[in-house]
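Asks: Sequence:
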Amino acid sequence: GRSGRSFSTATPAEAGSFETSAPSSPASSVHTEHQEDDMNSEEGSTGTAATSSSFPSIHNMAAEVSAAFWRSLSFWESKSQQQEQQKLQEKQQQQKLQKKQQKEQKQQQQCEEGAASCQQGLKRQPLLQHFRSVQQPRQGLRQAERMRVGVIAPGAGTTANAAVYARLGSQPGVEMSIKGKPRANYDRYPSSWPGGSNGPNLESFAAELSQGGRIERHDVLVFGSRGGQVVLPSLWHKYGARVPPAVVINGGCAMGLPTVVEWPETAITFLLMGAQDSFRGRMGREEYLADAQARVPKGNSSTAILFVNEMTHMPQSVLLGDVLEPMLRTIASWKSGSVPTEHLKAVVDAVSAKGKWSGRLLYTSSPGCWEERSFGSPSAALGGA
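Residue numbers for the sequence shown follow my numbering, beginning at -14 and rising by one.
Please note that the accuracy of each hint is not assured.
Here are the simulated DSS-like pairs of lysine-lysine, each with C-alpha atoms no more than 30 Å apart in a straight line [what the hints assert, rightly or not]:
{"#": "1", "residue 1": "K223", "residue 2": "K166"}
{"#": "2", "residue 1": "K81", "residue 2": "K64"}
{"#": "3", "residue 1": "K64", "residue 2": "K76"}
{"#": "4", "residue 1": "K283", "residue 2": "K76"}
{"#": "5", "residue 1": "K84", "residue 2": "K339"}
{"#": "6", "residue 1": "K72", "residue 2": "K84"}
Computed Cβ-Cβ distance ranges for the label pairs, DEER-style [unchecked claim]:
{"#": "7", "residue 1": "M268", "residue 2": "V245", "range": "17 to 25 Å"}
{"#": "8", "residue 1": "S195", "residue 2": "S59", "range": "50 to 58 Å"}
{"#": "9", "residue 1": "S176", "residue 2": "E62", "range": "44 to 52 Å"}
{"#": "10", "residue 1": "M268", "residue 2": "E357", "range": "48 to 56 Å"}
Honestly, the hints are just simulated from the structure, not real lab data. The structure presented is a predicted model; accordingly, all values stated were derived computationally and were not measured. Beta carbons: idealized from backbone N, C-alpha and C, even for Gly.
Start from the sequences, fold in the hints, and give me the full structure.
Replies: Have a look at this one:
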């Protein structure tokens, strides 16, 4: 206890005397040598102090230079890799562009060849004479040949023209089924359209139709109005040319739509269009028809248009009843790849039989070449509209 009190009250001089009188251990001896060196260093020349203190600075500088070198090397290696990747992407884009240009050149060549064929007088030849000049000896149309018809209900007029569809389904060799219902919860335009809605809508309905290959089980399909505008393009987008041949009432797929129509070049399509249709808008008859023709792919050679001056948006039952079956027979036979001239003539005969209708039948006989024939005489009430 006394030693503790004696240590705590020691004066600085006594404390220093206490530390000096303590025996030196090796550790304390080393510590004292360092202290003396420091003192000698301070008392020594300034040049020596500067030289000794510069060693760590040179070492640090070398480390920094080395680090900067490796950073620079890593940067240039990364930049070189980016440049190589960019060159590869540019090469791939150039290859895609070349393929696209080659495809367009091929289509242009086909169109020019078709146009040259038309200029040689084929287009000016009356359609009926063309039928007689190219068709094989007539053996009669095989009307009883089996034909599986799928009618896409929204927009096809299955209520207003229910009797027409019932009669079609009763024809020999025809197996008809109606897909969907008009005015169902999905019978509305999709959100990509002005005033459209999120699903369920006609796009989601098309997706349901495509499940399990249900659409591909049919030989031919019938679309109308909004079905031709939305459902058929949706099926084309997903299945392309695998979509069965289609009759499109009102020609909805051949309009200026809010979405892009991916019309396959090998698609087989028969449009039934009317000059009195609300889809015509403010366009004149000739402009309306020309606009529809322009939307058919240039390389397509399997499209027909029956343009009836008197037809309204909902086709008159008498008109639809006369032409629907021969139109379906036409596209069913077009699968063989050759123009079904015999069936096209049957369509003209059917629409002309009662003398009530006037208009034109047009079809692609080859890429870029449209054949046509007029029938009937427009009523005075229609005038030049």
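Asks: A separate judgement is required for each hint: does it hold in the structure or not?
Replies: So, going through the hints one by one against the coordinates:
Between K223 and K166 the CA atoms are separated by roughly 22 Å; this keeps the pair inside 30 Å, and the hint holds. Straight-line distance between C-alpha atoms of K81 and K64 comes to about 26 Å, which keeps the hinted pair within the 30 Å bound. This hinted pair checks out: K64 and K76 have alpha carbons roughly 18 Å apart, not beyond 30 Å. The suggested pairing of K283 with K76 holds, with an alpha-carbon distance near 29 Å, which does not exceed 30 Å.
For the given pair, K84 sits about 51 Å from K339 by alpha-carbon distance, which is inconsistent with the 30 Å threshold. Taking the CA atoms of K72 and K84, the gap is near 18 Å; set against the 30 Å cutoff, the hint holds. For M268 paired with V245, a C-beta distance near 21 Å keeps the hint of 17 to 25 Å intact. Between S195 and S59 the C-beta distance comes to about 51 Å, which sits within the given range of 50 to 58 Å.
At about 48 Å, the beta-carbon gap between S176 and E62 stays in the expected band of 44 to 52 Å. Judged by the Cβ atoms, the range 48 to 56 Å given for M268 and E357 is violated: they are separated by roughly 19 Å.
This entry does not satisfy hints 5 and 10, going by the numbered hints stated previously.
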